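The chain contents come next:
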Amino acid sequence: MTMRDHSAIEELLSAEVLGGLDDRDREALYREMGEHGPDCPECRQLRDEYGEVAGRMAFALEPVPIRPELEEETVELTRMQGQGVPLRRVRGGRVVAGLGRMRPFGVFSPLVAAAAAVALFFGGWVARGLIEGGGPPFDVATARVVTFQGEAGDLAVAYRPGQTGAYVFGSNLQAPPSNRVYEVWMFQEGTPVRGACFRPKPGGTSLTYLDANLETAQQMAVTVESPSCPSAPTTQPILTADLT
Amino acid sequence: MGSALLFEERSAEPDRGDAVAGLDVTEARDRDLVRAVGRGNEEAFRGLFRRYAPSAMAVARRVVGQPYLAEEAVQEGFLALWRNPHAYEEMRGSVKAWLMATVHNRAVDLVRREETQRRRAENTGPHEGLVVLDDPAESVVDEMGLPEERKAVRAALEALPPEQRAVIELMYFSGLSQTTIAEKLSLPLGTVKSRTLLGMRKLRSTLSGMER
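For the protein sequence lines, the chains are A and B, in the order given. Going by the numbering used here, the letters in the first sequence line up with residues 1 to 244, in that order. Going by the numbering used here, the letters in the second sequence line up with residues 1 to 212, in that order.
Quick caveat, the hints were computed from the structure, so don't treat them as lab data. These numbers come from a predicted model, not from an experiment. Heads up, some of the hints might be wrong.
To be verified - Just some of the chain B residues that point at chain A, by a computed CB distance under 8 Å:
#, residue
1, Phe45
2, Trp82
3, Leu185
As the list claims (entries may be wrong) - Listed below are several chain A residues computed to face chain B (Cβ distance under 8 Å; list not exhaustive):
#, residue
4, His6
5, Glu10
6, Ser14
7, Leu29
8, Met33
9, Glu52
10, Val53
11, Gly55
12, Met57
13, Ala60
14, Leu61
15, Val75
16, Val146
Where a beta carbon is used, it is the ideal one built from N, C-alpha and C, also for glycine.
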């Protein structure tokens, strides 16, 4: 053991693992630990042992039976991860969109797609502005919603003019052929710009986030592509939307 | 899938006469499952979910107060496991503590971000106190090793001086910051901090004597 004083770090860490520090004290903790460096054995020991205590405190409570569907929904979310869809879930009739501060990946429930698609297509939730979320909130009351035309199903895009980010909602979508995906394109002065790839969920719903500013696009389209998501369309559009 | 898992197919209970051995077995199984999750094994993920989601749900519901938010915290915690199982470092502690801490962090983040804390306080009044109920129903989930864990953690908490325990419970189970607790209990912030430290030192000392 070194002679360095760890009393301040211990005091802060013992509260941090309980979730009890405010921002100022958390900054103080990071500053103190930073001065000791990442390899300080005492700091690591304190962090690990207090962390273990805090984690185990959860077992003081009675376990709560979970909804039978929750396991399957969670597993489904693991399968969807990496698709870049930053919607989280339906909660008490509300849709939460956008990334939380601590969420490097977007996740969402199949229920979200269905509910969000229904909301957009029937307008009620849009009008009431019930989609919100982390990041900058997506205030759909001010969003522009454009529907796609085509026979492959119902698709709509919601975006805020002048701002980055758009959500493409689908329902009643036909499943693409096996080993094929749908790819969303934005056309800027006739040039296709890749948006995102997706496969509808069972039941034909989809919800896809586009990290793009649609202000510069005049049209959008969806084509059937290989899972590699080519950088230019290789088939004719099955759904199109006019943004002008 | 998962044939390499050491404990995947084993349903036999550990020797109840040797709780320590049982805990060792369950922790070894948990670590095995986390390694399997790292290989993309969905069944291993399900195994951890079935075993720990009810406990995670308990703490999440306690913190956020609303079932749908609690589900969100639990899902996010387990999804963090799926995304990056290597974030769990065996040298740092037990799988169960790591999982619970992950879910608890999510719950605290949620409750503060969405300001449900204020609404919940309005609905439920002041500090509810730790709910220490009867022995947990082992039929709820795969509870191998967990009843002993519950007893030990509860005993450790109950052994704390009431003022230390109250501060720690408000922080952990209600998601309150030390500053908020000081205001709520009309105590100097320094008192809240010292009670936290003293209580946590006792818990650390008590629980570190147990097998993980």
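Hint check:
Interface restraint check for Phe45/B: the shortest CB-CB distance to chain A comes to about 7 Å, inside 8 Å, so the restraint holds. With a least beta-carbon distance of about 4 Å to chain A, the hint placing Trp82/B at the interface is held under the 8 Å criterion. Taking 8 Å as the C-beta cut-off, the interface hint given for Leu185/B is violated, the closest approach to chain A being about 13 Å. A cut of 8 Å between beta carbons decides the hint on His6/A: the least distance to chain B is about 12 Å, and the hint is violated.
With its C-beta approaching chain B no nearer than about 7 Å, Glu10/A sits inside the 8 Å limit, and its interface hint holds. This hint holds: Ser14/A has a C-beta 4 Å from the nearest C-beta of chain B, less than the 8 Å allowed. The interface hint given for Leu29/A is violated, since its Cβ lies 12 Å from the closest Cβ of chain B, which is over the 8 Å cut-off. Violation of the interface hint for Met33/A is found here, the shortest Cβ-Cβ separation to chain B being roughly 15 Å, above the 8 Å cut-off.
Annotation: Glu52/A was flagged as interfacial toward chain B, and the flag holds, the nearest CB pair being 4 Å apart, inside 8 Å. This hint holds: Val53/A has a C-beta 5 Å from the nearest C-beta of chain B, less than the 8 Å allowed. The beta carbon of Gly55/A comes within 3 Å of a beta carbon in chain B, closer than 8 Å, and the hint placing it at the interface holds. Hint status for Met57/A: holds, given a least beta-carbon distance of 6 Å to chain B, under 8 Å.
Taking 8 Å as the C-beta cut-off, the interface hint given for Ala60/A holds, the closest approach to chain B being about 5 Å. For Leu61/A, the suggested interface contact is upheld, since its CB lies about 4 Å from the closest CB of chain B, less than 8 Å. The restraint placing Val75/A at the interface with chain B holds, with a minimum CB-CB distance near 6 Å, inside the 8 Å limit. Proximity of Val146/A to chain B is violated relative to the hint, the smallest CB-CB distance being about 30 Å (cut-off 8 Å).
When each numbered hint is compared with the structure, violations occur for hints 3, 4, 7, 8 and 16.
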